[in-house]
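Number of protein chains: 2
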Amino acid sequence: MPAYPFAPESPGSATVASPVRVEPPPSPRGWAASCAVDLVLLSPRQGRLAVFLERSTGERAGDEPSWALPWGTPWPTDATLDDCARRIAARALHHEDAPPLTWLAQAGTFADDRQHPGRIELSVGIVATVPAGARQPDAPSGESSGAWFTEVPPLHDRHRAVLDAAVAAIRLSIDTAPVAFRLLPATFTLSELQQVYEILLGHRLHKASFRRALLAASLVEATDDWRSEGRGRPAQLFRYAPRRRRPRRRGVRFDLLRG
Amino acid sequence: MPAYPFAPESPGSATVASPVRVEPPPSPRGWAASCAVDLVLLSPRQGRLAVFLERSTGERAGDEPSWALPWGTPWPTDATLDDCARRIAARALHHEDAPPLTWLAQAGTFADDRQHPGRIELSVGIVATVPAGARQPDAPSGESSGAWFTEVPPLHDRHRAVLDAAVAAIRLSIDTAPVAFRLLPATFTLSELQQVYEILLGHRLHKASFRRALLAASLVEATDDWRSEGRGRPAQLFRYAPRRRRPRRRGVRFDLLRG
DNA sequence: CCAATTAGTATCAGTCTGGTACTAAAGTCA
DNA sequence: TGACTTTAGTACCAGACTGATACTAATTGG
Numbered sequence: 523m524p525a526y527p528f529a530p531e532s533p534g535s536a537t538v539a540s541p542v543r544v545e546p547p548p549s550p551r552g553w554a555a556s557c558a559v560d561l562v563l564l565s566p567r568q569g570r571l572a573v574f575l576e577r578s579t580g581e582r583a584g585d586e587p588s589w590a591l592p593w594g595t596p597w598p599t600d601a602t603l604d605d606c607a608r609r610i611a612a613r614a615l616h617h618e619d620a621p622p623l624t625w626l627a628q629a630g631t632f633a634d635d636r637q638h639p640g641r642i643e644l645s646v647g648i649v650a651t652v653p654a655g656a657r658q659p660d661a662p663s664g665e666s667s668g669a670w671f672t673e674v675p676p677l678h679d680r681h682r683a684v685l686d687a688a689v690a691a692i693r694l695s696i697d698t699a700p701v702a703f704r705l706l707p708a709t710f711t712l713s714e715l716q717q718v719y720e721i722l723l724g725h726r727l728h729k730a731s732f733r734r735a736l737l738a739a740s741l742v743e744a745t746d747d748w749r750s751e752g753r754g755r756p757a758q759l760f761r762y763a764p765r766r767r768r769p770r771r772r773g774v775r776f777d778l779l780r781g
Numbered sequence: 523m524p525a526y527p528f529a530p531e532s533p534g535s536a537t538v539a540s541p542v543r544v545e546p547p548p549s550p551r552g553w554a555a556s557c558a559v560d561l562v563l564l565s566p567r568q569g570r571l572a573v574f575l576e577r578s579t580g581e582r583a584g585d586e587p588s589w590a591l592p593w594g595t596p597w598p599t600d601a602t603l604d605d606c607a608r609r610i611a612a613r614a615l616h617h618e619d620a621p622p623l624t625w626l627a628q629a630g631t632f633a634d635d636r637q638h639p640g641r642i643e644l645s646v647g648i649v650a651t652v653p654a655g656a657r658q659p660d661a662p663s664g665e666s667s668g669a670w671f672t673e674v675p676p677l678h679d680r681h682r683a684v685l686d687a688a689v690a691a692i693r694l695s696i697d698t699a700p701v702a703f704r705l706l707p708a709t710f711t712l713s714e715l716q717q718v719y720e721i722l723l724g725h726r727l728h729k730a731s732f733r734r735a736l737l738a739a740s741l742v743e744a745t746d747d748w749r750s751e752g753r754g755r756p757a758q759l760f761r762y763a764p765r766r767r768r769p770r771r772r773g774v775r776f777d778l779l780r781g
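Heads up: the protein sequence lines correspond to chains P and U, in order.
Using this note's numbering, read the first sequence as starting at 523 and increasing by one per residue.
Using this note's numbering, read the second sequence as starting at 523 and increasing by one per residue.
Do not rely on the hints blindly, as some may be mistaken.
Note that the list lumps identical chains together, so a pair holds whenever it fits in one copy or between two copies.
To be verified - In silico lysine to any residue, SDA-like type, Cα no more than 20 Å apart, as pairs:
(1) K729 with P676
(2) K729 with R772
(3) K729 with D697
(4) K729 with G773
It should be emphasised that the hints constitute simulated quantities derived from the structure, not laboratory data.
As the structure is a prediction and not an experimental result, all values here were calculated from the model.
Generate coordinates for the entire structure from the input sequences, incorporating the hints supplied.
Given below as structure tokens:
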């Protein structure tokens, strides 16, 4: 824990300070913008990553995109942006009580020219995982508002950017947060887990190495159940149960640098 | 490149879609909030990470914190939030032309109860690096507005959260973005580079392994210059010059998972 | 000239990766 | 029933990588 300790730097640096706030905000309360949370719900489907989209109203006639990410403006009852995202997910997935979100993270904030379906000026992108198998309950007759896509239709530029940022964020988190486990039900086979990793990483993994490293890390715990999926030997079911904090490697990975 | 391909999921899923935007926004334009960019400028100083803070005006008498992150509300001339951050950095560091920012990333957006020095409702945290040695030019007589801190004084809760998120973000980026190099001048010794890695990682590194891995990754290029820093053998200067795209490891790092 | 200090290298044992090839247990089909 | 296919899971091994120890190299300060 070296971190940032404080106390002005020893003499020589500019320690004199005077109240400065040179830019006069347009209004006393400061600049106000229309804000929204744009939600990227991700779930593995058919060996790919799927995203949940809703029908876009198309603000004006002739608008191209007819699908959009679930989104909404924060409400006073939302204590945090994450809470706002959960509320939006509950509406979109028709889980009014508790939407099946197992992981949630921010995925960029955008306030540029790119168009938002609701003409929102500032978008906060939030990405969340929905475990495989946690399908939303059927919407009340004909009221289903969206669908899971594995091939993305045209979106508003802003939503396209949010989606790209969300996928980048979940991929970046794969090593430091148990996102892969969050994309699976409570019990799963090691082949299923490996497939999720392969989806997120974008390449195949070596089976023996994957299991060896996983078991060595004491992240999973075998159950007594086995699942027979059609033909082939049944697979043992595991659950995510991180045990001992293993000593992690101290070295630096220079091979991951890009740009 | 597997990614998210599209086309609604095969039959069985809810593909029916109707225009839904059930929540009526308070205003036709949607909910508007006061927004600001809170900037975390980081630079290595004396073997630690230092952050640049400005005197806080203290909105009302009796306010505790007297230091704050540089911040500002977006201007119409800011094409993006990053541009806004660069403008704020230019003012704070008195580099009106081009502030010496070498890397820039978002570090969370906050819209919760935690107090902002300007009573802003929504804060976009942005973290940027200033290379060691790139000191801001002396401010016009007595007008210096801030200082670099290695020990953090009390801040408004919102700024404390932004700072924590910024440090977490830069640490998370260390393996995938050349942040360590961005915290150094154009040429540097390998010991200096190792020290920056140690500051960011929070623990010591093995010298031989560090150099071996760094050289193997073809990330740096030796110059003809050597620097003698007081006693001890002079060190060769290197520059960041990533060459060949080396085949990166395909395995999974389970040892980095936390929580 | 010698000690202290910092830069940089050599060697080596233990570990980890990923390739190949194997065994195990189920279904399918003749 | 018995071969064949399919998926799960393991064994072995050569090569690569890590980190510990110990070394050499070059400079400053006495």
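Between K729 and R772, at a C-alpha cutoff of 20 Å, which is it: within one copy, between copies, both, or neither?
Answer is between; shortest inter-copy Cα gap is 12 Å, intra-copy 25 Å.
Is it within a copy, between copies, both, or neither that the alpha carbon of K729 lies no farther than 20 Å from that of P676?
For K729 and P676, neither the intra-copy (36 Å) nor the inter-copy (50 Å) Cα distance is at most 20 Å.
Up to 20 Å CA-CA - G773 versus K729, copy category
between (25 Å within a copy, 10 Å between copies)
At most 20 Å between alpha carbons: which applies to K729 and D697, within, between, both or neither?
So K729 and D697 pass the 20 Å test inside one copy only (18 Å; across, 25 Å).
In summary, the structure is inconsistent with hint 1 from the numbered list given earlier, while agreeing with all the others.
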